[in-house]
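S.K.: Sequence:
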Amino acid sequence: MRHFFNIVSYLFHPLFIPVGGTVLYFLIAPYSTLEIQSGNILPIFILTVIIPIIFFLILKNLGIINSIFLPTLQERKYPLYISCALFLMILYKVIPNNYVQELFYFFTGLLTATATALILLFLKFKTSMHLLGMGSILMFMIGLSIHFEVNITLGISLFTLFTGLVATSRLYLKAHSKSELLIGFLVGLCSQLIILKYWL
1 MRHFFNIVSY
11 LFHPLFIPVG
21 GTVLYFLIAP
31 YSTLEIQSGN
41 ILPIFILTVI
51 IPIIFFLILK
61 NLGIINSIFL
71 PTLQERKYPL
81 YISCALFLMI
91 LYKVIPNNYV
101 QELFYFFTGL
111 LTATATALIL
121 LFLKFKTSMH
131 LLGMGSILMF
141 MIGLSIHFEV
151 NITLGISLFT
161 LFTGLVATSR
171 LYLKAHSKSE
181 LLIGFLVGLC
191 SQLIILKYWL
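Last residue of the sequence shown: number 200 in full-length UniProt numbering, and the count goes up by one each step with no gaps.
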């Protein structure tokens, strides 16, 4: 069972949330050209997956962090700084070149949620980044469904199920307390919910 929950934690790692949300957008959006898709997905993948992995390897070699799951408060600080910087780079350099309004606000929400998690970190509270990411994508999917008037109830239901599975895995692995999971989910969900009014 432990191996199964470890696999779940890796599959739904917060590292994959930005590119996952981007791909979901292009799957749901009724209009999108190949040029716009490649102009957004590739640079976002490089900035949110490849570069963080390189930074992780550097920080691990320096002895600053020990695990990709960042179990301690101290280990989380630098990756969150890096995430905020990369989200700002996407908002100012990537999306303006292939402007997609919905993605702009999705990443604004992710930046807000990550900054909130960083503030809570200074208050000695370890927010669950797994649930923060799941809450962000779940609310983004609901927003896209309303915005494009597309029925993706099945997809939303499945993702709700996956969110519960991720929460269960983090509890089973003793990575977080219930309050850390709940706050993480609410931070991710609310960061997207507040921004909905700007693009719906």
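If you're looking for bench data, these hints aren't it; they were derived computationally from the structure. All C-beta atoms in this analysis are idealised placements derived from N, C-alpha and C, irrespective of residue type, glycine included. There could be a bad hint or two in this list.
List of simulated lysine to aspartate or glutamate pairs, EDC-like, C-alpha gap at most 20 angstroms [as the list claims (entries may be wrong)]:
no. : residue 1 : residue 2
1   : 174       : 102
2   : 77        : 149
3   : 126       : 75
4   : 126       : 180
5   : 178       : 102
6   : 124       : 180
7   : 197       : 102
8   : 126       : 102
9   : 93        : 35
10  : 93        : 149
Estimated spans, in silico, between C-beta atoms of each pair [as the list claims (entries may be wrong)]:
no. : residue 1 : residue 2 : range
11  : 122       : 3         : 33 to 41 angstroms
12  : 33        : 125       : 40 to 48 angstroms
13  : 162       : 45        : 35 to 43 angstroms
14  : 33        : 66        : 38 to 46 angstroms
15  : 174       : 34        : 28 to 36 angstroms
16  : 64        : 93        : 39 to 47 angstroms
17  : 197       : 64        : 36 to 44 angstroms
18  : 74        : 179       : 15 to 23 angstroms
19  : 26        : 179       : 31 to 39 angstroms
20  : 23        : 182       : 26 to 34 angstroms
21  : 197       : 74        : 19 to 27 angstroms
22  : 178       : 67        : 38 to 46 angstroms
S.K.: Compare the structure with each hint and give your call.
M.R.: Each hint tested on the structure:
no. : hint                            : in the structure
1   : 174 with 102                    : violated, 35 angstroms
2   : 77 with 149                     : violated, 39 angstroms
3   : 126 with 75                     : holds, 11 angstroms
4   : 126 with 180                    : holds, 6 angstroms
5   : 178 with 102                    : violated, 31 angstroms
6   : 124 with 180                    : holds, 11 angstroms
7   : 197 with 102                    : holds, 11 angstroms
8   : 126 with 102                    : violated, 29 angstroms
9   : 93 with 35                      : holds, 16 angstroms
10  : 93 with 149                     : violated, 30 angstroms
11  : 122 with 3: 33 to 41 angstroms  : holds, 35 angstroms
12  : 33 with 125: 40 to 48 angstroms : holds, 43 angstroms
13  : 162 with 45: 35 to 43 angstroms : violated, 21 angstroms
14  : 33 with 66: 38 to 46 angstroms  : holds, 43 angstroms
15  : 174 with 34: 28 to 36 angstroms : violated, 45 angstroms
16  : 64 with 93: 39 to 47 angstroms  : violated, 27 angstroms
17  : 197 with 64: 36 to 44 angstroms : holds, 39 angstroms
18  : 74 with 179: 15 to 23 angstroms : holds, 20 angstroms
19  : 26 with 179: 31 to 39 angstroms : holds, 35 angstroms
20  : 23 with 182: 26 to 34 angstroms : holds, 27 angstroms
21  : 197 with 74: 19 to 27 angstroms : violated, 37 angstroms
22  : 178 with 67: 38 to 46 angstroms : violated, 21 angstroms
Violation of the numbered hints given earlier is confined to hints 1, 2, 5, 8, 10, 13, 15, 16, 21, 22; the remaining hints are satisfied by the structure.
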